[in-house]
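2 protein chains.
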Amino acid sequence: MKTRPLILVTNDDGIAAPGMKALVEVAKTLGEVVVVAPDSPQSGQGHAITINAILRLKKVDIFKDIEAYECSGTPVDCVKLAKHKVLHDRQVDLCVSGVNHGSNASINILYSGTMSAAMEASLEGIKSIGFSLLDYSWDADFDSCKPFLKELMVFVLEHGMEHCKLLNVNIPKLKTEELKGFRICRQAEARWIERYVESIDPRGQKYYWLTGEFTNDDKGDDTDVWALENGYISVVPSGHDLTRYEAIESFKALESEVAV
Amino acid sequence: MKTRPLILVTNDDGIAAPGMKALVEVAKTLGEVVVVAPDSPQSGQGHAITINAILRLKKVDIFKDIEAYECSGTPVDCVKLAKHKVLHDRQVDLCVSGVNHGSNASINILYSGTMSAAMEASLEGIKSIGFSLLDYSWDADFDSCKPFLKELMVFVLEHGMEHCKLLNVNIPKLKTEELKGFRICRQAEARWIERYVESIDPRGQKYYWLTGEFTNDDKGDDTDVWALENGYISVVPSGHDLTRYEAIESFKALESEVAV
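Residue numbers (our numbering), protein chains in the order written: chain A, 1 to 260; chain B, 1 to 260.
There's no promise every hint is true.
Keeping only pairs whose Cα atoms sit at most 20 Å apart, straight-line, the calculated SDA-like set for lysine to any residue is [to be verified]:
{"no.": "1", "chain 1": "A", "residue 1": "Lys180", "chain 2": "A", "residue 2": "Gly231"}
{"no.": "2", "chain 1": "A", "residue 1": "Lys252", "chain 2": "B", "residue 2": "Leu157"}
{"no.": "3", "chain 1": "B", "residue 1": "Lys85", "chain 2": "A", "residue 2": "Trp209"}
{"no.": "4", "chain 1": "B", "residue 1": "Lys58", "chain 2": "B", "residue 2": "Ser40"}
{"no.": "5", "chain 1": "B", "residue 1": "Lys85", "chain 2": "A", "residue 2": "Lys21"}
{"no.": "6", "chain 1": "A", "residue 1": "Lys146", "chain 2": "A", "residue 2": "Glu178"}
{"no.": "7", "chain 1": "B", "residue 1": "Lys58", "chain 2": "A", "residue 2": "Gln205"}
{"no.": "8", "chain 1": "A", "residue 1": "Lys150", "chain 2": "B", "residue 2": "Lys180"}
{"no.": "9", "chain 1": "A", "residue 1": "Lys58", "chain 2": "B", "residue 2": "Glu158"}
{"no.": "10", "chain 1": "B", "residue 1": "Lys150", "chain 2": "B", "residue 2": "Pro18"}
{"no.": "11", "chain 1": "B", "residue 1": "Lys85", "chain 2": "A", "residue 2": "Lys180"}
{"no.": "12", "chain 1": "A", "residue 1": "Lys59", "chain 2": "B", "residue 2": "Leu134"}
{"no.": "13", "chain 1": "A", "residue 1": "Lys252", "chain 2": "B", "residue 2": "Ser40"}
{"no.": "14", "chain 1": "A", "residue 1": "Lys21", "chain 2": "A", "residue 2": "Phe63"}
{"no.": "15", "chain 1": "A", "residue 1": "Lys59", "chain 2": "B", "residue 2": "Lys252"}
{"no.": "16", "chain 1": "B", "residue 1": "Lys150", "chain 2": "B", "residue 2": "Arg4"}
To list a few chain B residues with every Cβ distance to chain A over 12 Å, as calculated [unchecked claim]:
{"no.": "17", "residue": "Thr3"}
{"no.": "18", "residue": "Pro5"}
{"no.": "19", "residue": "Pro18"}
{"no.": "20", "residue": "Lys21"}
{"no.": "21", "residue": "Glu25"}
{"no.": "22", "residue": "Ala68"}
{"no.": "23", "residue": "Asp93"}
{"no.": "24", "residue": "Asp141"}
{"no.": "25", "residue": "Asp143"}
{"no.": "26", "residue": "Val235"}
{"no.": "27", "residue": "Arg244"}
Among the chain A residues that face chain B by a calculated CB cut under 8 Å, a handful are [to be verified]:
{"no.": "28", "residue": "Ala48"}
{"no.": "29", "residue": "Gln91"}
{"no.": "30", "residue": "Val92"}
{"no.": "31", "residue": "Ile193"}
{"no.": "32", "residue": "Glu194"}
Keep in mind that the hints were calculated from the coordinates and are not lab data.
Glycine included, every Cβ here is placed at the ideal spot set by N, Cα and C.
Using the sequences and the hints, build the whole thing.
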């Protein structure tokens with residue numbers, strides 16, 4: 001580890017979110033910190049980027065003695081702007097995203113702006129960790145998370161990351177003494193059972209609002225959902241290659257049998 | 001194959017895009033078609049969903065004799081609304097998304113609304129194909145693509161899909177006689193070299209606009225980028241499990257050595 005590693009901090013709940021504050025407070029004990037985060041909540045933005053509109057980037061004085069910028073775009077936009085307009089050629093040693101207010105375990109990684117920001121950094125070759133606490137409340141107890149945030153960041157800074165550049169870390173809503181430790185997992189094959197609440201606006205037009213419940217039929221004890229339900233902090237080494245290699249053979253008939 | 005399979009059609013370029021029209025025209029020769037697509041262009045939306053705002057859904061008469069709806073949300077919102085507010089309990093046999101104006105090969109799958117819509121359907125257990133033509137022009141020649149769209153849709157309807165529910169299909173911008181056929185591939189490990197164009201708005205404030213070039217250092221001849229550069233239609237069996245299984249062992253030390 002360098003004496004003062006450079007740590008980029010971002011999130012999807014917006015630069016003023018309490019989860020971001022906790023992450024900054026931990027990161028600054030380990031290295032030089034630069035924050036580039038959305039100027040408004042961006043939950044559910046997934047890997048969205050802004051290509052058909054402009055972006056703003058504004059230096060702000062939110063965190064004492066920390067270089068920080070708010071950005072008008074998505075979490076992924078923040079990482080791209082951080083790289084090109086804030087950090088330029090400075091080598092980033094670690095990107096941390098979060099701490100998200102609510103779970104990003106299982107398939108939530110796909111919808112999560114927190115995880116997409118971390119993944120975007122990993123696409124640039126930067127070691128990245130996305131953190132989430134299983135508590136949607138704005139008043140969630142992020143202070144209790146700090147020792148775990150620090151241990152993971154230190155581990156990655158000291159050991160590096162083999163075979164992947166991205167960790168999806170979820171912390172259960174438990175008292176510290178109830179936590180059993182870290183557990184390295186795979187992403188659970190869970191899903192959302194959703195519905196739309198229908199209503200009528202003041203002009204008489206129908207509108208819809210998404211709601212739903214997360215459900216897990218994946219009974220493996222090696223999944224992140226299992227870990228969280230059993231008192232562990234889940235750590236899923238993650239990537240961006242969506243190829244299903246085991247399916248390639250089953251489509252090979254297309255190459256030979258179907259005439260183009 | 002059922003006599004009249006039910007085919008859901010969506011995209012990210014908006015319901016009025018020429019690529020959508022081509023896809024509908026092919027799909028209706030194979031089965032009953034329902035279209036639910038964004039009311040405006042949604043490129044780069046990735047897997048974004050609308051959770052902090054309302055959604056609108058409006059029946060439109062764009063395609064002759066085809067049930068069609070435009071939605072105010074993202075491509076993923078369209079698929080969720082299609083399932084819950086349009087199709088209800090009707091079993092969808094195939095979801096096709098596109099034809100996208102421009103490539104979604106390699107890591108573009110992450111940013112692509114076209115592919116995220118198809119992936120969302122696959123998360124619901126629906127066999128899905130995302131189609132893209134490597135021509136960003138609104139006047140691109142989608143008619144030449146139609147035979148290939150049809151062959152792939154027929155193949156999936158007849159053979160089903162083993163080990164995956166999602167295909168990422170990209171078609172090179174070539175004359176039909178120059179095309180060499182389908183090639184089953186993995187996602188290339190390519191990347192974008194990006195920059196932000198800086199300018200000043202009429203009120204004197206700086207703004208940024210993303211631009212960049214796609215570049216591929218992955219020299220494998222089994223990638224989608226290789227296939228496209230060599231005259232093939234690339235077909236990548238894809239999924240949504242981001243776990244890097246090969247990395248799990250390297251983080252196991254966290255479980256034992258780091259005290260929580």
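Outcome of the hint check:
no.	hint	verdict
1	Lys180(A) - Gly231(A)	holds (6 Å)
2	Lys252(A) - Leu157(B)	holds (16 Å)
3	Lys85(B) - Trp209(A)	holds (11 Å)
4	Lys58(B) - Ser40(B)	holds (13 Å)
5	Lys85(B) - Lys21(A)	violated (40 Å)
6	Lys146(A) - Glu178(A)	holds (15 Å)
7	Lys58(B) - Gln205(A)	holds (10 Å)
8	Lys150(A) - Lys180(B)	violated (53 Å)
9	Lys58(A) - Glu158(B)	violated (54 Å)
10	Lys150(B) - Pro18(B)	holds (17 Å)
11	Lys85(B) - Lys180(A)	violated (43 Å)
12	Lys59(A) - Leu134(B)	violated (39 Å)
13	Lys252(A) - Ser40(B)	violated (36 Å)
14	Lys21(A) - Phe63(A)	holds (8 Å)
15	Lys59(A) - Lys252(B)	violated (39 Å)
16	Lys150(B) - Arg4(B)	holds (15 Å)
17	Thr3	holds (22 Å)
18	Pro5	holds (18 Å)
19	Pro18	holds (18 Å)
20	Lys21	holds (21 Å)
21	Glu25	holds (19 Å)
22	Ala68	holds (17 Å)
23	Asp93	holds (18 Å)
24	Asp141	holds (16 Å)
25	Asp143	holds (15 Å)
26	Val235	violated (6 Å)
27	Arg244	violated (4 Å)
28	Ala48	holds (4 Å)
29	Gln91	violated (17 Å)
30	Val92	violated (16 Å)
31	Ile193	violated (10 Å)
32	Glu194	holds (6 Å)
Hints 5, 8, 9, 11, 12, 13, 15, 26, 27, 29, 30, 31 from the earlier list are contradicted by this structure; the remaining hints agree with it.
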